Amino acid sequence: MTHTVTSSYVKASDPLYADCLEWLNLEAELLDARRFREWLDMLSQDIDYRVPVRTGRNDPDHSVSFSTTAFHMLETWHALEERVRRFESGYAWSEIPPSRTRRFVSNVRVLQPGMSHEAQVKSNLLVYRVRGDLPPELLCGERQDVLVREHDRWRLLRRLVLLDQTSLPTQNLGVFL
Amino acid sequence: MTHTVTSSYVKASDPLYADCLEWLNLEAELLDARRFREWLDMLSQDIDYRVPVRTGRNDPDHSVSFSTTAFHMLETWHALEERVRRFESGYAWSEIPPSRTRRFVSNVRVLQPGMSHEAQVKSNLLVYRVRGDLPPELLCGERQDVLVREHDRWRLLRRLVLLDQTSLPTQNLGVFL
Amino acid sequence: MTHTVTSSYVKASDPLYADCLEWLNLEAELLDARRFREWLDMLSQDIDYRVPVRTGRNDPDHSVSFSTTAFHMLETWHALEERVRRFESGYAWSEIPPSRTRRFVSNVRVLQPGMSHEAQVKSNLLVYRVRGDLPPELLCGERQDVLVREHDRWRLLRRLVLLDQTSLPTQNLGVFL
Amino acid sequence: MSIEARVADPRLSPRLRDLLDDVDRTLEEGLVPLRIYNDPELYELELERIFARCWVCVAHESEIPNPGDYVLRTIGEDPWIVIRDDNGLVHVLFNSCRHRGTQVCGADQGNTDLFRCPYHGWTYDNSGALVVVPERLEAYKRLDLREWGLHQAPQMDTYQGLIFACLDPDAPSLADYLGDFTWYMDLSFGMARGGMEVVGEPNRWVMAGDWKSAAENFSGDPYHTASLHRSTFFLRPETNGRSQPSQIGLRGNVADCNGHGASLILAAQDQPGFFSYPPEVVSLLDPAMVSPAQWDLASRMRFIFATAFPNFSWVHSGGTDPGNGVGTRRLSYMSFRQWQPRGPGKIEVWSWVLVPKEASAEYKDRSNRLSIAHFGASGNMEQDDTVVWGSIARSARSVYARKANLKINLQMGTEGMSEAKVMTDWPGPGLVYDRGLEEGSQRTILRHWLSELNRP
Amino acid sequence: MSIEARVADPRLSPRLRDLLDDVDRTLEEGLVPLRIYNDPELYELELERIFARCWVCVAHESEIPNPGDYVLRTIGEDPWIVIRDDNGLVHVLFNSCRHRGTQVCGADQGNTDLFRCPYHGWTYDNSGALVVVPERLEAYKRLDLREWGLHQAPQMDTYQGLIFACLDPDAPSLADYLGDFTWYMDLSFGMARGGMEVVGEPNRWVMAGDWKSAAENFSGDPYHTASLHRSTFFLRPETNGRSQPSQIGLRGNVADCNGHGASLILAAQDQPGFFSYPPEVVSLLDPAMVSPAQWDLASRMRFIFATAFPNFSWVHSGGTDPGNGVGTRRLSYMSFRQWQPRGPGKIEVWSWVLVPKEASAEYKDRSNRLSIAHFGASGNMEQDDTVVWGSIARSARSVYARKANLKINLQMGTEGMSEAKVMTDWPGPGLVYDRGLEEGSQRTILRHWLSELNRP
Amino acid sequence: MSIEARVADPRLSPRLRDLLDDVDRTLEEGLVPLRIYNDPELYELELERIFARCWVCVAHESEIPNPGDYVLRTIGEDPWIVIRDDNGLVHVLFNSCRHRGTQVCGADQGNTDLFRCPYHGWTYDNSGALVVVPERLEAYKRLDLREWGLHQAPQMDTYQGLIFACLDPDAPSLADYLGDFTWYMDLSFGMARGGMEVVGEPNRWVMAGDWKSAAENFSGDPYHTASLHRSTFFLRPETNGRSQPSQIGLRGNVADCNGHGASLILAAQDQPGFFSYPPEVVSLLDPAMVSPAQWDLASRMRFIFATAFPNFSWVHSGGTDPGNGVGTRRLSYMSFRQWQPRGPGKIEVWSWVLVPKEASAEYKDRSNRLSIAHFGASGNMEQDDTVVWGSIARSARSVYARKANLKINLQMGTEGMSEAKVMTDWPGPGLVYDRGLEEGSQRTILRHWLSELNRP
Ligand code: FES
Ligand code: FES
Ligand code: FES
Ligand SMILES: [Fe+3]
Ligand SMILES: [Fe+3]
Ligand SMILES: [Fe+3]
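Going line by line, the protein sequences match chains A, B, C, D, E and F.
Quick note: the first sequence uses the working numbering, first residue 1, plus one each step.
Quick note: the second sequence uses the working numbering, first residue 1, plus one each step.
Quick note: the third sequence uses the working numbering, first residue 1, plus one each step.
Quick note: the fourth sequence uses the working numbering, first residue 1, plus one each step.
Quick note: the fifth sequence uses the working numbering, first residue 1, plus one each step.
Quick note: the sixth sequence uses the working numbering, first residue 1, plus one each step.
List time: in silico DSS-like cross-link candidates among lysine-lysine, alpha-carbon distance up to 30 Å:
no.	chain 1	residue 1	chain 2	residue 2
1	F	407	D	141
2	F	403	D	346
3	E	346	F	346
From the derived model, a few chain B residues whose C-beta atoms are all more than 12 Å from chain C:
no.	residue
4	8
5	44
6	57
7	68
8	69
9	81
10	146
11	149
12	158
13	166
If you're looking for bench data, these hints aren't it; they were derived computationally from the structure.
Keep in mind the model is a prediction, meaning the values are calculated, not measured.
Virtual Cβ for every residue (Gly too), placed ideally from N, Cα, C.
Please model the complete structure; the sequences and the hints are all you need to start from.
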């Protein structure tokens, strides 16, 4: 599932690549700025969003070390919206005051789509997060996304976040990846 | 001030985007190589360069947590040049031997300019810095730049560095951000 | 040798830039996925691959602080292939189970080539690596590559990895940089 | 334990001796030194006298169903392998070669018939027996292989599918250790025909906080819900930000049951029992597996939070599909967890989702999603718990707390403080209060903690 | 303190006892063990006996001008809230709920009338009084709210707008603690009509180094300027890399003033006084606020560096707009700071810029820029200080320094070493030398340090 | 050392005293407590009693060939400068200014005639003498410059180009310390006309692991090759994954030579000797530089692994160009290294490549490449060593290992265990066994370690 390496990527000079890059950068900006409602609007209502638990199995090509049943997050759009609603409630103490995050999105790769209204995008993500006087946290991994064209906008239809850490070095996973 | 999220970014396939990306990469290379004079030449004489202190205020969308009066750096071109002159003096002990830095510039976003001779660029910056046998330091944040076209070259007219850290995890801020 | 800063870079909108970017992203993906054979196939048989030891000499512009004789790696294609063969043997205990890595490639710069079948590429590399319950490791530096066009494919002809660390913060250098 | 015995304890520094005596003096009136939640020297003592001496949960049997299946686990901070051998027996093996100490297993789970030590090749079978010593005939002529198998945990036992180990050979049995507390464990772990099973691997994360804060909380701290978890009230249309005091009364607060504690909420008349299991799952429950009294209580249960000392806790509760928000569909979830010590003021949480093995795949998926929405690193409830526990550890390490001997307040439920009363008609064992407004179970956890630390 | 009293100190290990006695033996001849600048056990003692016992600056009044304004601060490493209550009174409150210890305030500054503890909702007003306990009537019937307000620092007082706290209830008053040293504080903090105010939040960074290195340096180490800060001589055309020995003579080195120290430079004839304040600011200074002797000295002041033990320092000096380089425009800047202990060999610097409140916005901006150019994490002067203090801490932690008992040299100004002479005609208090070439104030800081550590 | 003497050692805690006595009791039977490989308190004792007391290698002379050349090095964790002065003499200087302790040298290598301390400008020449004190005439009238030069290591000496230092002035000489072990050092370091030289700077990395694990291994652990390094057998077509037991017999295992150890393999009849040096290099070897017995043995040597206590090791071996895989081209390589303590369970490896100075540039390049392929951070062999040493340190820090006093097994070679026999006809010094299947040298390293720790 997780590691099909493809060499037929879309060129960076292709408009589709530019679209995907812009989408990812905008998403990162919205999340770092905690504009969660606007972020939700970048997601398809049919989104499948998942962050599987990573194990330390002996797994020479990392093809089986992600759990298929255990997840840090396993979300529908409504489940994500519920999380956003919580942050908006004014009583989500874990983020009062909010953590400060910075997302570094790199190694963006776009797959030549089979269907013209979809794009498959892989990217590497490093999230730097700090809150209060606790030491900073670094979360990192690869994201495998499917963007879909809806009403002239790209929206996220599927996201698989493949974290590198088996045990998350974070006070909580109160951030979207 | 600090967090206007815009979705009308210039496409990555646009020449303006390429210009800005190249400018940022060249700048990072010069700074990592400590070619400070050449870097100064990339700045407009009218530059306004500032690194505000970040606070841990309760600030759900990070719009008010940057100080408007307290700064780690608050510089004119001449003030920056003075810093460079210090490094060139041969007696700037804090950098003898020099720290070794690596700048990771990502999430580059270019705003459709109102005026054709200006470009607004946002980017995320991670600086890895190490010196002697002290542990490495990581500084990170977003930069909001305004580049201006002067004599057929882009120069930096305004820079706002929005750090994620309230207390800088660094021996000193002897690097340009 | 190490720090010739050039400002005549190829524009990001140029197809050559797109080629190089794609090449680097694909390479990072293969290495993170431990598909070493496929990676070997991205290298020219004439490759010169080297990771010099970095010193802490007083070296204001970092031009002389890389050793010219001492290396962490100093490899021909066959020497690299031997390393890959070791990993494939099933007895390379240092990577059983394998470490989990994520390569962040940024600041990609492509030099206007003198010869049309070659491209000079600089990039900044951050490698996040974690294994077992040991703390994560961060390796970082700049890579100076020469890609060469062979049989309609770009292959790596020369790589110089300029690490920022004098003493590597890693259990071993069991990863390719 | 008498004062004399304590004074004779050679491993305690005078400072720790004073600290423990101080706890002893005021615990019953509900006053406890703040600093016990973050003290490096005390932490070392906890590792020695609690984690290396009490029964600690190391796995659920469903994690290693087949011969050769194993998982790496920790007891305190120490590395152990939990494995099912070729005969189906479970072993808890110290992950360290008997030759020179190398860890014989690097992968954190898998299936194997042998552990081959990478260093020199000594090889053990999956029951821990040493079976191959390279060059033995020439190099180890007198080595008795039977004496050099992997170290086994001095005691190992299971209860309702949970595997426990104990590093003290002289400790009482698991049955004695849990005692009557199994009555409550049965309600969550022992009523489904076919048993319970984990939904995959544990969700793990490392956070600031002391393990005792978490253990106390899960042993029964209903008082915190209305404040700390208020944000979750906005996620259900029927509450929309208001807490529901009327529901708070229908409680059974198990303040002490053999040194462990729990907090239960019973269903109101119009509410489903059986932890909100939907009918398809209720039909899997078997009254024959428990006593009539247990069955009756289970039929009225809305949820339970519980802690078996030292660091095993679980929550079993119900809700609606995340984001659905409508209160009509019944759905249950269960998470058991360990608060693993990882240094002073630091824990690693291991959180498993548990479901009835014979439930439908669709139910398991929904229950898993509901559990993830509430508990685990990203849980809408657990997120908030993590920050207050971290924040307690932060103030606890202050020099001023030490110098001025600041005391926290655990007085709810002490003489004359609360309206909570011990129930005499409660069907289950232990000292049980009729409402959540008392902190008895949290004092119980600390009393248990103190008595272990006081034992030389 | 007699040797007997010391031996009887039960909290000191023999190793620390020896170390302190060793300091005692040779400090007066200017020899001090190098290892005191990085020793984990000694560091803990400093937290206990210095930071939890001496008067420590926690804020400037202008940081919290309005009722409800607060800032989070540390005393040693401990977390405190400094807040102005609804009546305008300043309180220093321990940031830890009296119920279970949770930090009641997470934001590092803000304005509030109430602190609501997230865990269970106990709520305190902005004077620290406990005002709401959820479910109190049912759960805490006998709880006397008046006894359960937030802990207040045992002592709090202000001087010239600076807020100090002291965690030892038996310590002398702030006035006694500062003593005559206020005479020098007045020059910088107490001469502007309308008072001084901070320019925003402190600039903070965490660095390798021992707090004593920084405290000593600011108490008077003019000897280091010509070497360490030589790079800054290249920034002014009139010096262009050369030091200016002629200026070094016009000094008043306050080697000891009630255990604190300072170093002053007086203006040469052609140089401006009043810390280089421009005329528009000089016109804001009020001779009535100080004594005639203070006014006279101030009128001749070029700059001052000073430390009030343990970790409060300030610099008040002048210069030209950064990058301007021309010596004609008069401009003054002032930075006060704290050297916060953050572990052995580690400090967090907090650096504030201070300006006369009634100065023009343009002046404040220029002064702020000048201050940033010199001091703070990026300061052209302070950068160099940070690395030598870090480097002292590095060599101080060596085993060889401990085994061979290496001593550093603080002999400048001891008997017969220096030409520096105590001035008998100096207008201010304390033991004051006529030039910078002596290290008396640094020995004073260490003497003060030693006497606090020796007190059980 | 008698038990009484030990009891009187005031610097040892009872816990450490017990631990060392426990080692003493069972070391000879080959049982050693696992916990000695990761114990914070023991680590501190090792720094004090081993690294600050034994002869430690600090550089090779070829690293600093010219006057003024220097390198920064550590002894234990302490910072020292190794420099060649203007007269060509080597000095080992403590990197800490005698004034206030600042490190006088920041660059980790270079060439200088003077070290100018940045803080106040005290300046030392390249022999460590204090030559400039700014403002001396005015500020330091009685300072005797001759007494304030940089601290020199109490003892310094060289052997075969290797520079050693010793921080204990009362220690025996380097010659006495190495004793007969020089016989084996000569084979690698002392046979090439014109001497040996380093190929550039050391390759350095920081890893989990205890320095003793590495020292023991290099002192002679041939048993581990077939298992741990099996992957490398796949890199040569002639082995293709199989180990070569026939070759294992031709050994000389130097189990004890003045407290140091080594393991040698001799060439079979069809194999080259002289460490596989090709003819062009063999022609550089000079029989006159060694004894006839040494020359004869060298002519039959395939490789050697060796450790001079505490942390100096080297490997000298041969092979074919990396990736070439064909066994016909003769090529030798040599790496010497230090296992630098960097905290409990942590080391920094410094690894140098050494070649005969007069060999051709082409040969040096090939030898360097071969060395890098095998040893150093990326070495195909050393990679595997790093993980097992890290893993031993991980299990060693477990509380259970401490509580249950788990013992590792070093019994190979003890009474009746192994076929290995002491050779009576061995040409070299020390106690030498006829095969690799014994762990005598590793017990020797630990015996040496114990005797240093037991010495107050
Ligand atoms: S350590 Fe396991 S075989 Fe030697
Ligand atoms: S801890 Fe503050 S209310 Fe309970
Ligand atoms: S510390 Fe070196 S000159 Fe003062
Ligand atoms: Fe909770
Ligand atoms: Fe200074
Ligand atoms: Fe090896």
